[in-house]
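Protein chains in written order, with our numbering: chain S, 34 to 372; chain H, 50 to 357; chain G, 8 to 550; chain Z, 133 to 488; chain F, 981 to 1289.
Bear in mind the hints are in silico, worked out from the structure with no lab data behind them. Hints may be right or wrong, so weigh each one.
Stated by the list, open to error - Stretch by stretch, here's where chain G covers chain S in the computed footprint (C-beta under 8 Å, at least three residues):
hint, region
1, 108-114
2, 335-346
Claimed, not checked - Result set (BS3-like, lysine-lysine): computed pairs, CA atoms no more than 25 Å apart in a straight line:
hint, chain 1, residue 1, chain 2, residue 2
3, F, Lys997, S, Lys260
4, H, Lys121, G, Lys250
5, Z, Lys165, Z, Lys154
Backbone N, C-alpha and C fix where the C-beta goes; we use that ideal spot for every residue, glycine too.
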Amino acid sequence: MRQEQLPDLTDDMFQPADIDSSKNEEIAGESTGFWKDAWRRLRKNLGAIIGIVIIVVLSLLAIFGPMMNEYSYHEQDLMRAKLPAKVPGLENVGFLGLNGVDIRGVDQYEAKGVDEYFWFGTDEFGRDQWTRVWQGTRISLFIALAAAFIDFVIGVAYGGISAFYGGRVDNILQRIIEVLVGIPNLILIILFILIFEPGILSIILALAVTGWIGMARIVRGQVLKLKNQEFVLASRTLGASDGRVIGRHLIPNVLGQIIITTMFTIPNAIFFEAFLSFIGLGIRPPEASLGSIINNGFSSLQIYPHLVLYPSIVISLLMIAFNLVGDGLRDAFDPKLRK
Amino acid sequence: MGRYIGGRVVSMLVTFLIIASLTFFLMKLLPGTPFNNQEKMSESQIQQMNEKYGLNDPVPVQYVTYMTNLFKGDLGVSFQQDGRSVTTIIGERIGPSAYLGFQSLLIGTIFGLLLGIIAALKHNTFLDYGSMIIAVLGISIPSFVIAGMMQYWVGVKWGMLPVAYWEGFEYTIMPTIAIAAAVTATIARFMRTEMLEVLGQDYITTAKAKGLTSTAVVIKHTIRNASIPIITIMGPMVVALMTGTLVIEQIFVIPGLGEKFVSSIMTNDFPIIMGTTLFFSILFIVVILVVDVLYGIVDPRIRLAGGK
Amino acid sequence: GGGGNNNAGEGGNEGGNAEGGEGKSEQVLNLLESAEIPSMDTTQATDATSFNAMNQIFEGLYRLDENNKPVLGMAADEPKEEEKDGETVYTFTIRDDANWSDGTPVTANDFIFAWKKAMNPDSLSQYASMFGTAGIKNANAIITEGDPLYGKVDELGVKAVDDKTLEITVTQKVPYFKSLLTFATFYPQPKDFVEKQGDKYALETDTMLYNGPFVMSEWNHGDGWTFEKNPEYWDNETVSLEKVTYKIVKDVATGVNLYETGKVDRAGLSADFVDQYKGNEDFVTRLEPTMFFLRLNQKNEALANTNIRKALYLAYDREGLVNVLLNNGSVAAKYFVPKEFAFGPNGKDFREFAPDGFLADKGAEEAKAAWEKGLQEIGKDSVDLEFLTTDTELASKIAEYAKEQFQTKLEGLNVTINKQPWKQFLELETAGDFDISTGGWGPDYPDPMTFLYMFETGADYNRMNYTSEKYDKLVSGAKKETDLEKRWKMMQDAEKVLIEEDFAIVPTYQRGTASLMKPYVKNYFLHPFGADTSLKWVKIEGK
Amino acid sequence: MEKILEVKDLHVSFDTFGGEVKAVRGVNLHLEKGETLAIVGESGSGKSVTSKAIMGLIPNPPGRIKEGEILFGGKDLAKMSEKELQSIRGSEISMIFQDPMTSLNPTMTVGKQIMEGLIKHQRLSKTEAKSRAIELLKLVGIPNPDTRVSQYPHQFSGGMRQRVVIAIALACNPRILIADEPTTALDVTIQAQILELLRDLQEKMGTSIIFITHDLGVVANIADRVAVMYAGKIVETGTVDEIFYNPQHPYTWGLLGSMPSLDTSEEELIAIPGSPPDLTDPPKGDAFAPRNPYAMKIDTELEPPLFKISDTHYAATWLLHEKAPKVEPPEAIKKRMKGMASSKPTMVTKDGERNG
Amino acid sequence: MANEKLLEIKNLKQHFKVGKSVVKAVDGLTFDIYKGETFGLVGESGCGKSTTGRTIIRLYDATDGEVIFDGENVHGKKNAKELKKFNRKMQMIFQDPYASLNPRMTVADIIAEGIDIHGLAKNKEERMARVHELLETVGLNKEHANRYPHEFSGGQRQRIGIARALAVDPEFIIADEPISALDVSIQAQVVNLMKKLQREKGLTYLFIAHDLSMVKYISDRIGVMYQGEIVELADSDELYADPLHPYTQSLLSAIPLPDPEYERSRTRKLYDSEDYAPKSGEKRVLREVKKGHWVACTEEEYEQFMATV
Ligand SMILES: Nc1ncnc2c1ncn2[C@@H]1O[C@H](COP(=O)(O)OP(=O)(O)OP(=O)(O)O)[C@@H](O)[C@H]1O
Ligand SMILES: Nc1ncnc2c1ncn2[C@@H]1O[C@H](COP(=O)(O)OP(=O)(O)OP(=O)(O)O)[C@@H](O)[C@H]1O
Ligand SMILES: [Mg+2]
Ligand SMILES: [Mg+2]
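Please model the entire structure based on the sequences and the hints provided.
Set out below in structure tokens:
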């Protein structure tokens, strides 16, 4: 401290200061709960925000996209089949390829005498791809969310019970998982779809047959760790019932992990549904999921790339978005970053 | 160690038996008969075929017969491929699948580790984001799309690699890339997380305090410790690669097991379904055991615990 | 041979051509197949891939030529015909130079051995009924359970007079008798060798013997196989190809890519690729005698009504289907017996009496009228129908198309698609558990009867509860009728009843296939029944 | 005495979510050859950050040395390149960390971990390094060093692991050893052993030690001089006797008073009320003022300068200013103050000038 | 201090199965705690102190032995209601101020957990009033009620933990190393608070720690544990003045005190349980060598101790 910075030190300044002792324990700033704090972290994570924005936009498009033009997802018109994408306004921006010209350089709109614009082109039935892609997104998302939800319910219950009761219960439940894991899940899923009526419901159930195992494992691990934590012991010494311990202490503390896991389950389910479509076990046409649209277009990948391109972009964006959000949440919930 | 493995083998056998039984009964729920060209068969012919393959017996009897034969090492003969034994069929199919799976795993792991390491070391930089974008794309784009694009551009348009078939090393390149993309992505993400975790450990600070160069710290102390947990995801991945390559096998005309597996389900070729399922289950169980043992070898902390 | 079923609809990947050397073209042909060979035992095989392979390496008494006419194969001459007691005895002489690939002669016993094996309940061929179709004595009885002759294969009307003389006794002369003899089920098998091999017979290349133009030199199950010229073949001078390779390729795009890079000489095309290759000099289409149609299950109250069925028949726009969706040379069909398939006593196409089928000029207008009438008759204003189909890409496309066609044109109709894997599909269809289902049928022999017998009352393939006395009478009459002109007429009438009067089925299209074939492949013959191709005459020229 | 290390006006900050954490805010200290300097202070006061700054191990980002010099052998460590630092770390200056359970790499034998530094700095061959490692293990008192050398950390008990960590730090005979709470995680008996070991080694090798701890008992045991840190600053420094028997800063009083001595009878311990300040926004004036029962108005406005009490004893509190009222330290502290009549404190400016 | 026994522990054993082996964490403890006193339990890490505390409060079911609280056996078969009553009388304060508070609950909810479980408040207002009162008791203020644990420093958290324990008005509190994880300057806050509460509410403490100077300061009597057993037990001054068991001596000689002069002269005594193993194969049992001073010794050693006293 430089001398000239020292002003005159008057006697007065050496009088005892009245320090408000209650201020001692004051905590500055707003109270931040776990969720609020996590949200704050998440907000600072650019990737996660991009992910959230993508999910929101795609979800909105999944809801409203099919209504944005006059075509329905099943309306066929073979006269306008397999048109490439053409978007008003963007049609003149050459490199975007949204001008209705196919890869051989022919303007198909002109060739087929079509005046309308199909933003994502049309498929082999002349159905509007835009409408179908968003319709498909809707179904894919629905399947994924539903499968994730079932995984969540079964996984949390199973893992929670296994860890909470421990001992023999845990042992038996873990053996069961071992066996389930030993059966390649592809066969289980395929058998499931074959035995039940094909359709959205059986796909969801099939995805859920083995899907919950990951969740169960994570919940079990977490609960095992938590149940000997001192705050749980404290609650027990206060005479808390099992229900209370589970509901107030265990679940809220594994919730973060559960959400993260779910975030990764969703893209996996979307992906697996696409895979099932590929081996011909998809949903009933003319309804379509993103997977089945890609699968249908796949055979003409070289000739009509637009049939694969747009749904692929959407599915990839969805996967990326959920992964980004999952990663972001993991960082946001990471206890190591908190004090 | 020996006793530990012994104990594990016993529990593996039990698991295996349960899986075998479960699959058997599940399979019996499959609709339809296993006969080809059923459309041209009359009722009585179907009956005769059922008789011939013992499909008219009550399911429990079939089960006992199957399990007895199984213990004799007899997996039966394929319904679809007249008279060829299941073991022969699996035997001739496993080679390409195993080779492809192994090669993809190797390449995917190497690249995944590299990407993950780079991302972690350059945490929150452009390189980190770049690697993670690659990683996420790797998981996001369906492998058959990657495969189809490659076949067309690399194979046909540029003529750099053979379009399909399984006739030598250059034939394995494209399928390997298509499969390895997802492996790379998964490993890269995992590795990044683990690396970041390890980089924050005290022993890394200790190593730095010794005056080791950053490279030495990363190579000697970080990578090894970060890779250990990766071993655990390798187990399921190995099996997934063996079963899950069917799409790639189809596109690149590779006579592998994955393709056979799915087609046997589609054609109700019961002995093949059972055979392949059991094969995969054994593979899976063994791989898990190997992974656990390996884990113990790589991580000295576990070795002793396991040895008790 | 091979029955067209729904599964076989996609652009098949049989195809072929050869790579040429310098100067004179190298006589090698590289082809694709879409499936594995399930069996090389002529009595056990059931599928197109096996039959096709067998046609190149085995030979029966006859084989099909370029024009699908039976020409002499193992038989040295046309048979002697003797008629007595309403039975006809054909006596065939087997070529002196007909040998198996190990040099042993092909004998009359080899034929009888193989045929009896096919009829034997222990090793029953799924095609055992062909012997009955050919009219061979006792054939039907031997394979009918409960019949006193059941299982007594020695009662089959065939006899080896000596090593090279074979007698076949038929109780009914059928016009397509010789064509049937080209079919794999009628091939011989080397008795001693087969018995020596036991279970192993025909499992690998070294556990079988060949008597056809080629031998199988390599067989990598699941991957492909290779044929080489058979030096022991009696007519090996005609055979040009030295080597033929087959690869199993299930993905159409892969096949096309392989074709583009010169790895194969022939590749099947799917609709999308047709757009790309139409106009290309390699592009070929071919009309096959395989028919696709919809079964309308008359168990369903609405479908029991003729007007409703008529409405469905008329509402379906087949042009869009064949020109845009299939786009592979398929032809819109309002008929059931295919074009360019069966030729009458006068040498004219069966179809000529109604070239474009029935009610060819009627369309959506009439469909609507019939629909309304039908609805009135059943007293409903809406109908829900379940459309059963398989899960292949093409099948679901067609189903989607049909659904849209029906729903947009027929007000009050609601169609639900039930997509099932093939096995499950058959299960449901056989059980009559459907309203509309997709069907396909390919001929087993070159005669309209191979189609028409399907829908007799109670027939195995009449899964839609269709009964018509008139139809039954015409068909059974035609079966017995020996006057070929009359028989022909009866069959044409039957088709008319089936479709124009009863609308029992809704025919949709006659299948075409589009493929690419290298122009240097010459004499590549395709057949409408039996084996798909004959490679015996193929030459590589000007490569 | 020879100053082998001198830290001048060191400022270290971390950029975090909550803003800039000013972890170290102008630390001055020096270390003499062969002595042990103890740094005490409560959690978060910047002890570890200071020592890491000396080692050049502040993680960047988020941390950075904002200002100040760290002079070692005439060179400023704060301005050295990473490469130069690497040649100093482990050979000239080494460090021991708090938790022996986590400071060793679990997948490498302890021998290898000791050898690494030797191979790097002394260019020993593998076999030489190994025999040296065995020697070192023996030196730190590990029985059967020959077999122990090829074992893994998990096969050692906590106390033994800390010995291994010490062996690693001592491998290249460093001139300075920084021990950051090396015994906090250990049992008292093992702690005593480790302290003895460190003292022995210091005697044998003449190493200078910076010993960080918050256990005053340990300080009394091992230190020659003591620096008391609070909120990123050194608030009092002096010889161990000066700090224990003549403490001048109210924070030091608090620290000493909060520990019962074996003869403390029933009276209350002196608790320092409240919690340490938030270093993202350190309070104006004296950071300790809000918790200081003797706080004066000036404390809330002006940061106190260092007052010199003796040649070795300095404290930063306005209480030492001539105008400040004479305050009585608490009873417990008064009891400690034995015959160390304080000479008149003088104010010291930053550059060492005196001010009457 | 009334000499009324609040807690009697008789031959308490707690064995854990770890894989196939058994860890005898607590192996035959016997001691009493009197009403209103602080009983200190010291010993090296892993000797079974925490296990003892947790077994007493029934977080573990004892393998063997009795815990008699207020004349009732705690480990007998009990129904839920009786257990609940018992939970109100005995409470625990934990070691790790970070792990002992549920990070997802507000301070108010944490403190009020006991109130909620036992239905001690009629309505929300009463509950909040009680929470505020408790916060004040432990030196925090109302405003803290709606904050989350991570916003507090270690000392504050520990005080929240104390408030939680106090919420049900217990008679007996087990404090398992309540200050080990805290800063020196903050340790005093907690210790002073505990002493204050004892004075005001007549609480009885079982104080577990390894910091001997603090234990001596706070405890009336101290038990020294070694490998699951008590080796010496005496009044705290007595124990420090005249430690008889060599382990106690070694422990005491190892503590550094904040007094440089003392430190310069302190010499450490070593203890090796194997050297000290009784040769005769006899087992050492706790015997009272002076009034209130118990030492684990053999018959022979007992004679010796008695002789020197
Ligand atoms: N990597 C970092 N990122 C952000 N802040 C940090 C980091 N390292 C230290 N700090 C902050 O610097 C301040 C001083 O920390 P330091 O570790 O030096 O404390 P200390 O005195 O060693 O405490 P302890 O006794 O707990 O070890 C603390 O407020 C801490 O939060
Ligand atoms: N739940 C348990 N399962 C198995 N072993 C246990 C369990 N709890 C404690 N132990 C073992 O019992 C012994 C005594 O442990 P305890 O925690 O009581 O020691 P402590 O004296 O409290 O030690 P510290 O001072 O480290 O807290 C240790 O060896 C410990 O590993
Ligand atoms: Mg520190
Ligand atoms: Mg403990």
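Outcome of the hint check:
{"no.": "1", "hint": "108-114", "verdict": "holds (count 4)"}
{"no.": "2", "hint": "335-346", "verdict": "holds (count 3)"}
{"no.": "3", "hint": "F:Lys997 to S:Lys260", "verdict": "holds, 18 Å"}
{"no.": "4", "hint": "H:Lys121 to G:Lys250", "verdict": "violated, 42 Å"}
{"no.": "5", "hint": "Z:Lys165 to Z:Lys154", "verdict": "violated, 30 Å"}
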